[in-house]
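Full structure from sequences and hints, please.
Given next are the chains, with one letter for each unit.
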Amino acid sequence: MEKETKQILLKINDLAVQYTSGDSVVSAVNGVSFELEKGETLGLVGETGAGKTTIAKTILRILPDPPAKIRSGQVIYNGTDLLEMSEKEVRKIRGKKISMIFQDPMTALNPMFPVGKQITEAIKIHEPLTTAQAKERAVQMLELVGIPGERYGEYPHQFSGGMKQRVVIALAIACNPELLIADEPTTALDVTIQAQVLEMMTQLKEKLSTSMILITHDLGIVAEMCDRVAIIYAGEIVEMGNREHIFDEPVHPYTKGLFEALPSVNMKAKRLKPIEGLTPDPANLPKGCKFHPRCPYATPQCADRIPELKEITKGHWTRCSASRKEGV
Amino acid sequence: MLKYIGKRILMMIPVLVGVIVLIFTLMYFAKGDAASALAGADATAEEIQQIRARLGLDDGYFVRLGNYFKQLLLEGNLGYSYRTGASVSSEVIERFSVSFELAVFSVAFSIIFGTIMGIVAAVKQNTWIDNTAMLLALIGASMPGFLLGLLLSLVFALKLHWLPSGGWGGWEYMVLPVLAFGVSHAGTMARLTRSSMLEVVRQDYIVTAKAKGVSPFKITFVHALRNALIPITTQAGQMLGITIGGVVVAETIFSVPGIGTYIMTAINSRDYPAVQGGILFIALVFGIILLVVDILYAFIDPRIGAQYRKHRRTSKREE
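Sequences listed follow chains A and B, in order.
Throughout the first sequence, residue numbering follows my numbering, covering 1 to 328 in sequence.
Throughout the second sequence, residue numbering follows my numbering, covering 1 to 319 in sequence.
A couple of the hints might just be wrong.
Stated by the list, open to error - Here are the simulated lysine-lysine pairs, DSS-like style, with alpha carbons at most 27 Å apart:
(1) Lys218(B) - Lys124(A)
(2) Lys57(A) - Lys159(B)
(3) Lys96(A) - Lys218(B)
(4) Lys124(B) - Lys69(A)
(5) Lys92(A) - Lys70(B)
(6) Lys135(A) - Lys218(B)
(7) Lys218(B) - Lys117(A)
(8) Lys11(A) - Lys88(A)
(9) Lys205(A) - Lys92(A)
(10) Lys69(A) - Lys218(B)
(11) Lys218(B) - Lys88(A)
(12) Lys88(A) - Lys70(B)
(13) Lys97(A) - Lys218(B)
It is worth saying that the hints were derived from the structure and are not from the lab.
Quick caveat: nothing in here was measured; it's all calculated off a predicted structure.
Structural data, given as structure tokens:
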């Protein structure tokens, strides 16, 4: 691959986020670093509670504080650290440069205001337009996502789930953001609507040439949409590489486990093959490698030291290659 | 929507009938005699008997109840006061306008102070501002109106001579009664506003608003408050009703010539038409206020509004 002229849009360095409630401290994100190039789609894959949404909300600085606290790290966007910016400056970036598509379209829209008005509001905050012009643009946005413009004045309760998610997407792209964070955009939708929404997102992404961070736990969606993938486990990236690396030659035992758990079309599987055990309690993470209690390749040393992310081939990073040594 | 309002008005009829029967029965079995109260202390037994006969007090329970309904329905008349001989309806309306003014001001006071305090407490959750506001609200809400009324009149009227201790006239007569009854409602309102705001600000759509760059001020006062308004409106409507029904105490303490003192005097002199008329009127106003609150919901919350409108798609285009 000759991507020497790559432009880094977003660079996250050693991000750590904790939630405190009373005496218990939950470490949701533990030292996550990654880069995102212009026009690229990065998939963040992991189980529920792995810290994916926390990473996304940290980028926009919309974590609820309290209880969430950013312990360390940098979120460098176009050369400036978003975490160092004043609230007022960040507000100019939210919705304009970086915007987010939320997980649950049922609750993401304010039930009291017409959907069109909610889009117009975002446009008016960021663009020097009159109300009439902003409204016109909002109508265009609705039509872009396949909603007739005359439904501008309708309220969220008058839309189905799939249509609401389209509205949420229209809202997110209304100001032509450079970076779109999609937090499980299709999880709350049924499968046929999922396909439509994904198809639409791919088209829009190409049309507007936005970069995207796609958060999901659905490997099928990753295969379809992402250029690069980061596998997240207990608040850490355990393996990261381009799509081919992850799908064709997964190395980390957790990633391998994920793929083995998928039923294959070719084989007649009676039972699914799960990863043994449960995701660790984030308030009480295991010492050393966080996956070692569930790992079939674990050795006594795994409990002592946290393995580093190492580049094993160009662009393919993993914290552990135990499976490769024994497996091959 | 009109159909709904009509239905609600029809539903008020059995309630009002129930109120009439209940009040009539209570007054019927209450000790004391209207005729002897009316005739005065030195009246002869014969004179009292004459008055009894004239007022129809010798008739049985059902005959008198029937007569009252007959008068109400056929003549649309609340009757004439035993004491003054004047028409009850005109007296009640005159007195009620005073009470209504008092109640509206006291509720307006509690809504303004209560919601502002509640919003500030919710925005500054778990800070000293929140704690102070909630402590004040708790004290206010638990302070009985009559006690606060007496304290206020003791301090501001008797000691400091800033304000009159009773009577009715300009604004200065209104301050103490409004405070006496507004403060406890303001406390309740502050606590309610805080909790409903806190519930709303945790919702996903608030995060959405934040993520599109809306300022914290607009998030609080536009996105969150609009959603928190439903419980606040319910509470405000009930407060207005309760205040109108409960002005008796305030009016007695501050000798305000409102419907409360009217009913009190009427009860003491067993002036049956005046008592029944006064209470019936209060019940009617209470019912209307609750109806107005329900109609307001439709304007605040489009989801409730939609339930009233059947043909959504077609009517939507014009909006």
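Pair hint outcome, Lys57(A) versus Lys159(B) [Cα-Cα no greater than 27 Å]
Roughly 59 Å between the alpha carbons, so the hint for Lys57(A) and Lys159(B) is violated.
What's the verdict on Lys124(B) and Lys69(A), does the C-alpha distance respect the 27 Å limit or exceed it?
holds (18 Å)
Given the hint that Lys218(B) pairs with Lys124(A), does the C-alpha gap stay at or below 27 Å?
Roughly 13 Å separates the two Cα atoms, so the pair holds.
Pair hint outcome, Lys92(A) versus Lys70(B) [Cα-Cα no greater than 27 Å]
violated (72 Å)
What's the verdict on Lys135(A) and Lys218(B), does the C-alpha distance respect the 27 Å limit or exceed it?
holds (19 Å)
Need the status of pair Lys218(B), Lys117(A): alpha-carbon distance at most 27 Å?
holds (14 Å)
Between Lys97(A) and Lys218(B), is the straight-line Cα distance small enough, at 27 Å or below?
Between Lys97(A) and Lys218(B) the Cα gap is close to 21 Å, so the pair holds against 27 Å.
Satisfaction of hint between Lys88(A) and Lys218(B), Cα-Cα up to 27 Å
holds (14 Å)
Straight-line Cα separation of Lys96(A) and Lys218(B) no greater than 27 Å?
holds (18 Å)
Please work out if Lys69(A) and Lys218(B) have their alpha carbons no farther apart than 27 Å.
Distance ~24 Å between Lys69(A) and Lys218(B) Cα, so the pair holds.
Could you grab the alpha-carbon distance between Lys11(A) and Lys88(A) and see if it respects the 27 Å cut-off?
holds (21 Å)
Taken at face value, is the distance from the CA of Lys70(B) to the CA of Lys88(A) at most 27 Å?
Roughly 71 Å separates the two Cα atoms, so the pair is violated.
Hint compliance for this structure: hints 2, 5, 12 are not met, and every other hint is.
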